[in-house]
Amino acid sequence: MEEKELLPHLFRTEYRKLVAVLCYLFGIEHVEIAEDIASDTFLAAAETWAIKGVPENPAAWLYTVAKNRTKNHLKRNALFEQKVAAEIRYSSDKEAEIEIDMSPRNITDSQLAMIFAVCNPLIPADSQVALALNLLCGFGVQEIADAFLLNKEVVYKRIQRAKEKLKEGEISIAPPNATEIADRLETVLTTIYLLYSEGYYSISQNTTLRKELCAEAMRLNFLLMESELTDRPEVSALLSLMCFHSSRFEARTNGNGEMVLYEDQDESLWNRELIERGTYYLSRASTGDKLSRYHLEAGIAYWHTHKEDSPEKWESILDLYNHLLAIEYSPVAALNRIYALAKVHGKETGIAEAERLNLTNNHFYYSLLGNLYAGIDEARAVAHYETAIKLAHSESDKAILFRNIARLQDNVG
Amino acid sequence: MDEFLLVFRRDFKDKENQPSPEQLQEHFEKWHAWYDRMTADGRIVLRRRWDGEGLVVNAQKTVLNGPYAEIKETIGGAVIIRATDYEEAAELAKTVPILEFGGNVEIRKAL
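Going down the list, the protein sequences come from chains A and B. The first sequence maps to residues 1 to 413 in our numbering. The second sequence maps to residues 1 to 111 in our numbering.
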């Protein structure tokens, strides 16, 4: 690797490990100290490596410096020692040196414990995503602000609030036991999927950053699969779903950064490798007796990797949506189901069911009606699209709706 | 020309200023550039890499690791440079990259 990329790369891969191991050691009350030690270690690297070059094993150098900084901190800070050192997990013997364990095994355990702590339902969703990016992925406040088009102070406050919640709730950073996994894995997966969706659907024009968010969500998911405690079928199913979505990343925006609708996408831009990986993880998920929403959503996403319409495709998708709605109802899923229903049973059937939903404050509802009326009653189709435009929030959504109207008018004219 | 000892310390105060990967890379390049410039100008008397921890012996003759009480202040490098007076040494110290993340530079003139 070139010297120019080395430090940022190491920061991406090692910062979060240092923070995880140190938080695991200190507990969440001292998360700031863990972050300070990790940051200080990297600044020391920038300074020292500039004088005499990069050491042979840079990660090991970072671990050693972080360990020494931590030991010094523990020795010097009497208060800290009284309060925490006694409880520190690996100080078996009072006389013994405090050991900071940077073994791969402890790094994995620490990261898993951190994931479960950060994905605690105590924290409001927006703060949770910010904290996950900050603590689990090593994203700085500025980067998170850029990704979500928020100002730095807002992001900083969200992270602070999330940390406060964890401290108030006395959430321990510990390896989850079987009961906790059963209770909380779903929340963890929800956060990971939220993180992924923030990247995938973000309105930020910074595609590199958005892809990184998606990649981070997939990495965290992969970490869950690496531990036998959390390697459950629904975890594989979520990774499969994310692979299928990601396969269309290049095709879903054009050169001007505008959204390209699924029907208009250039199939040759779809990433075949990700589709294959998604298919593999989906087959890996097909064990056990639990059918999670991620299984169903991955199944739907799988069918979307076949561009060509076929009765089998839409019947399968409809069937999967029927199951999904039975497990977990959401207006968006209900609207998507009707789209599939119309593909199978015709637009009239779709219209009848759609109008029964009567989701009059949802722009997707009107945009679906616009689509269904197209070819049946163009004037009504246009009227529905216009209502959708009034309700839509994002410029890219509006742009798509305007394009749909223009298309209809072209057909008529 | 006199000789001056510059000691670099890091001290974060602002949590919002945690470095990002890109800032870290920039920081690294600035250090490179700083040493190169000082060397080219013939300023450097002694350029060494110092152990980051060190020891402190206190009044009770207890030997402690590391020079400072707080993790927030850690010692970085130290360098001996040539400058005409404190004023010039201070001007040079203002260009040290350690200042970017809340660090400081201590200056001592060799007598």
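Each hint should be verified, as a subset may be incorrect.
Straight line, CA to CA, 25 Å or less: simulated DSS-like cross-link-like pairs of lysine-lysine [unchecked claim]:
(1) A:K4 x B:K30
(2) A:K52 x B:K94
(3) A:K167 x A:K152
(4) A:K398 x A:K211
(5) B:K30 x A:K52
(6) B:K30 x A:K71
(7) B:K30 x B:K94
(8) A:K313 x A:K343
Please keep in mind that the hints were generated in silico from the structure rather than gathered at the bench.
Hint-by-hint comparison with the structure:
Annotation: proposed proximity of A:K4 to B:K30 holds, straight-line Cα distance about 12 Å (limit 25 Å). A distance of roughly 22 Å separates the Cα atoms of A:K52 and B:K94; the hinted pair therefore holds under the 25 Å criterion. Distance restraint check for A:K167 and A:K152: the Cα-Cα separation of roughly 23 Å lies within the 25 Å cut-off, and the hinted pair is therefore satisfied. A distance of roughly 23 Å separates the Cα atoms of A:K398 and A:K211; the hinted pair therefore holds under the 25 Å criterion.
For the proposed pair B:K30 and A:K52, the alpha carbon gap of about 14 Å is at most 25 Å, so the pair holds. As the CA atoms of B:K30 and A:K71 are separated by approximately 30 Å, the hinted pair breaks the 25 Å bound. Under the criterion of a C-alpha separation no larger than 25 Å, the hint pairing B:K30 with B:K94 is consistent with the structure, at around 13 Å. Distance restraint check for A:K313 and A:K343: the Cα-Cα separation of roughly 10 Å lies within the 25 Å cut-off, and the hinted pair is therefore satisfied.
Figure legend: structure checked against the earlier numbered hints; the only hint not met is number 6.
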